[in-house]
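For chain E, the structure is supplied; the task is to place chain F on it using the hints.
Number of protein chains: 2
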Amino acid sequence: MKYYLSLFLVLVLSISQAQSIQSPSGKIDVNFKLSGNGQPTYSVNYKNKPVIRESTLGIKLKEKPALDSNFEVITSKTATFNESWKPVLGEQANIVNHYNELTMSLIQKETNVKMNIIFRVFDEGVAFRYDFPKQNELNYFIISDEVTQFNLTDNHKVFWIPGDFDSNEYEYNETKFLDIDNSKINMNNGIGVKSIPGNYVVQSPLMMKSASGLYLNIFEAAVVNYPDMHLNVDVNKYKLTAQLVPNAIGDKVYLQTPCVSPWRTIMVSDDARDIVGSKMILNLNEPSKIEDTSWIKPMKYVGIWWEMHVGKSTWDFAGSQNAQNSVSQELIPSGKHGATTENTKRYIDFAAKNGFDGVLVEGWDVGWEDWFGNWKEDVFDFTTAYPDFDIAAVSAYAKSKNVKMIMHHETSGSVANYERHLDRAFDLMKKYDYPAVKTGYVGKIIPRGEFHDGQTMVNHFNFVARRAADYKLMVNSHESSHPTGYSRTYPNYIAAESARGNEFNAWSVGNPPMHETILPFTRLLGGPMDYTPGIFEIKMSYYDKNKTEQVHTTLAKQLALYVTMYSPIQMAADLPENYEKYPDAFQFIKDVAADWDESKYLQAEPGDYLTVARKTKGKESWFLGAITDENARKTQIKLDFLSKGKKYKAIIYEDAKDADWKTNPIAYKIRTIEVTNKSKINLNLAPGGGAAISFEPIK
Amino acid sequence: MKYYLSLFLVLVLSISQAQSIQSPSGKIDVNFKLSGNGQPTYSVNYKNKPVIRESTLGIKLKEKPALDSNFEVITSKTATFNESWKPVLGEQANIVNHYNELTMSLIQKETNVKMNIIFRVFDEGVAFRYDFPKQNELNYFIISDEVTQFNLTDNHKVFWIPGDFDSNEYEYNETKFLDIDNSKINMNNGIGVKSIPGNYVVQSPLMMKSASGLYLNIFEAAVVNYPDMHLNVDVNKYKLTAQLVPNAIGDKVYLQTPCVSPWRTIMVSDDARDIVGSKMILNLNEPSKIEDTSWIKPMKYVGIWWEMHVGKSTWDFAGSQNAQNSVSQELIPSGKHGATTENTKRYIDFAAKNGFDGVLVEGWDVGWEDWFGNWKEDVFDFTTAYPDFDIAAVSAYAKSKNVKMIMHHETSGSVANYERHLDRAFDLMKKYDYPAVKTGYVGKIIPRGEFHDGQTMVNHFNFVARRAADYKLMVNSHESSHPTGYSRTYPNYIAAESARGNEFNAWSVGNPPMHETILPFTRLLGGPMDYTPGIFEIKMSYYDKNKTEQVHTTLAKQLALYVTMYSPIQMAADLPENYEKYPDAFQFIKDVAADWDESKYLQAEPGDYLTVARKTKGKESWFLGAITDENARKTQIKLDFLSKGKKYKAIIYEDAKDADWKTNPIAYKIRTIEVTNKSKINLNLAPGGGAAISFEPIK
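So the sequence lines, in the order shown, correspond to chains E and F.
7 is the number of the first residue of the first sequence in the working numbering; add one for each residue after it.
7 is the number of the first residue of the second sequence in the working numbering; add one for each residue after it.
Just chain E, with the same shape it has in the complex (with noise of 0.2 Å):
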């Protein structure tokens, strides 16, 4: 009987020691199994081929064991999940949430130290964590490395840009996997800060195509109290590697159990559609803590900020003197100075007869002398005014006109500086009725030897987004690390930058046709992007002769943004005046949502192209919004998702027939049809060009 019970329980250690989970449609399998020497591995396949081949997992720790081998399974768990969740704001009023999940829990020989790794399997990809139970085993410890790896099986088309733990504002590499190599790319980019590791590293949310037509995403979810994972390539064996960034001295992650580490994902698909449209990352982070969200709301906005990439006005009050320790001296103002009472007052009339929310004022605060490059730690105080910027006038007009001022942050990476004054700073904002803060974070971190994607940044981030929601403010950050779908848990963390903005066109080699249509695939899969779109004087030339710089688009594609760029909140970029001089095309910028009840991605090529239709919410009508990267594109959109049996007023704002963006941008054109949902409408994107319609029903 003895016998016969320890086989039993042998049989079942024996079986359990791999495991496999399906997707919902059964089309993706993820096997998780040990191997020789106990350590855990898993592999992915999709419609039955591998997609991830055996590929290992674990962590190192700092002067402890290291948890990648020697484990025995002790249970494994299945689970089905499956709800739908109304994000506050969003692409969509409801977001479904439906995986399998798969819960090994493991036990490390010799140190008893236990350790999950559960895996969810949605329909459009995997994801998988570690998780540390609390246990007498392992209570403080420090990761030194994770080992997780991601084996391909081809080489594949990649879209990457550098693995550089301070900045990822780069412009994307479309290459074979063979071809990835920083030292091949050019770095004279306009990027102030560079720390890139190696050249075979990385950036995630990498988008991959492989020569069989299947598209392959690898990103990261929910990464709370860790640091940002970027990959380590091994171009000849088609191996990536988590490479988590480092601290000041080096160490990765101070962790306590219980915790867990953030998600690791890999979305798969035969259609293209499926990833960019995918609410995975979203999922894969906790619901909302905040109760009370009635205070969170959508902003189109303009505001004092692209007048100074263009050379307009200066962010500082003296122009370009070196004001040594300015609060304190005397300041001789320059006469450029962008931020003035005035020319926020003018900015507030535009936004008040235009029907924007809000107005942006960057440069109002005493520090822009010498703010960026020195690694100067007092830089600004968040708190007082240059001399020539009433912020009590300025929010009193404001009110006056029923718009809303938005507060700005700039931190010049001294977060040391930026967390002694964030209360102070936030005080500033209630007292003026400021809803919203745009955060900058341009220059080396201080505390110094720390790095924008490192573990104490990603938590400064989340605290920001965190305080913020005690007093009621949304957070939109510039600079900062990739976002992983955190603004589900703070949905006042409407927006982040994190990716190489509109802004580059206009001072810097800037950002290729193609720039646009990659982005969904990559950044926006973590949450909203402020990508500053809307540009109409395309031509830097038109301010300053000598410049060649301009903005790779055409004028309907800044339109068509505003759609394919999802965000809650979004700029009106270009100047007044600029606005002022192409009133119809401007039409659609103020008649565009920001929030929306549904979103449908109809098209859909990374690097290539993109289509996508909104529903506005809580109204009937919707947008397109379709881009081209530097290829010209004929194409006809079905209107099969507008409602049945209504009819809609279209206007159509697209690429004049010569238009290019790089020898014509401006010309556009616009006409109005009356259409149903058995319309259909063919478009011609001009070289760098795109498409917006707006769809209003008729009464």
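Please keep in mind that the hints were generated in silico from the structure rather than gathered at the bench.
Treat the hints with care, as some may be off.
Which copy is meant is left open, because identical chains are indistinguishable; a pair holds if it fits in one copy or across any two.
Here are the computed lysine-lysine pairs in the DSS-like style, where the Cα-Cα straight-line distance is at most 25 Å [as the list claims (entries may be wrong)]: (1) 70 to 200; (2) 436 to 66; (3) 478 to 437; (4) 215 to 245; (5) 190 to 140.
Then chain F, alone, in the frame of chain E:
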């Protein structure tokens, strides 16, 4: 003609390559000269004999040419300064600041960088600093090293503690210079975090005595926006070189011109009293920047503190269990928590009854379950009380008894966390009318990689004082970097610990009887120390028969410390019930002042003995303290400091005949006599003993 003009200029430059300056008394002279390669050097004589032989000056920069050679003198300038100023709180009502100053303005060949070296020569010592004027040739810069040397003349006796970037809580070693060696000392000394960079580095202030009876002290003043200076020791060459404390990535100092280094100080006298009574360090700091100082007041206090050190109660609510993520988890009370509402009321009653100004409560806030040793970042929030501490009830009760509550902020070294919460923590103090806070920094610093003595932390300690001033709050910091006189500039920075305090006697090898005889020559030069004297139940076996620890003192010496260890905030550290057993001795603590009009250092020998008399601020009463080391001491005190023609009732608290710190520490006697300024008092101090005397004028 042209030839002669050139010759004239050369002569002027040539002459000015060396300059000398004397102290007002003429006893000290300092000689500056440029060495052959244009390196600045200095030497110091006392009564025409060398004290500091030719020593190099200069700094090394990161990524820029060193500023330690190739200099020429532009100009030299001398000045005399003589003023007296009134400290808000202090050892004397008026402080004389009298010195001669020499400014050497230097320019470096090739780089054209300008650097000034400023010498101030007082009657009791020399100070010099580097001064970097605003200039195009030097704006932002990073100091990688300071080459400042102190070349001594002989194998002096030295009172030293190891150069430790994280702790100054050592007992002093008294050896010959040649025998300095950190590897020889017992590191099982109760210090939690140690960062000693090598065997041959010691801390400043460094007290020395030459064979010929000359007293020497090397220290620094006005360490503001700069790391602490420790001292590398070349034992064979009798040479000390500045060792600046690095940051996480090895850099020492981040500066922007115009800026200055701290003052490097060399005190010298053939009378030890000149050094122990010197106000040179304070004089070298900037005058008070607080205009209204009416809220800065001396305090005598009791508190819930020693009872944790002796094991009667605990800081944490849940005892020794590790309450992981304790804030969110339910805590199970152990029943031993010290900071309860009830216990606090008992201390308030005791304070009210005995005339104490304040009550400190440690362990009142959630987080103590695993506060130490885990490098935990979010350890306290400084606003959440344990369920058994009702802050509203406590503060209302204290108010009804006319007693002030003293706040406690233990940070565990997680400074990033503290700064994030500082405004909220101070808001809470104002809400509940706490006028002062005791801060604590036990643990490895966060931001990780920083040290307690680095520039980041020096800035933090000073920042906390400044921000507290915004709220009109006083700060008493423990485990901070050594004070260097910043309490002159921010007199609300009322005291610090920053040395081995009395509590080490409760649970470690403790502080040898000589400890309190050396501290006034070292730690106290930089500002008041919260040593927390007044322990009456001296042996820990009183609490637990198995304990062998004890305070290395007699009871009478504990009384004397209230006079010999200057602080405007003085704790009566023992338990109320212990004081109630010795009401006659306790009377001295009740009577003694904490703020003074005059202070007389009557007898002083570092490491051996100290006798100090002080006149109460605004009153005619005097108090005297006399202490000795492990050796018994007979001495006669002349009372000529008392006012002429006045009669005083002198109450003498002294060691009983058979008193001995080790065998019979509590034995004391009290006698009352009538004295005038012509009287003499004979004192017999026991081994490890002392005497305290109060002088009350007879009306």
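As a check of your reading, is residue 70 near residue 200 (CA-CA no more than 25 Å) within one copy, between copies, both or neither?
Between copies only: 21 Å across, 32 Å inside.
If the cut is 25 Å between Cα atoms, do residue 436 and residue 66 qualify within a copy, between copies, both or neither?
neither (45 Å within a copy, 47 Å between copies)
Are the CA atoms of residue 478 and residue 437 at most 25 Å apart within a copy, between copies, both, or neither?
Answer is both: 13 Å inside a copy and 23 Å across each meet the 25 Å cutoff.
Can you tell me if residue 215 and residue 245 fall within 25 Å by alpha carbon in one copy, between copies, both or neither?
within (15 Å within a copy, 67 Å between copies)
Could you place residue 190 and residue 140 in one of the four classes (within, between, both, neither) given a Cα distance threshold of 25 Å?
Neither. Shortest intra-copy (46 Å) and inter-copy (42 Å) distances fail the 25 Å Cα cut-off.
The earlier numbered hints that this structure contradicts are 2 and 5.
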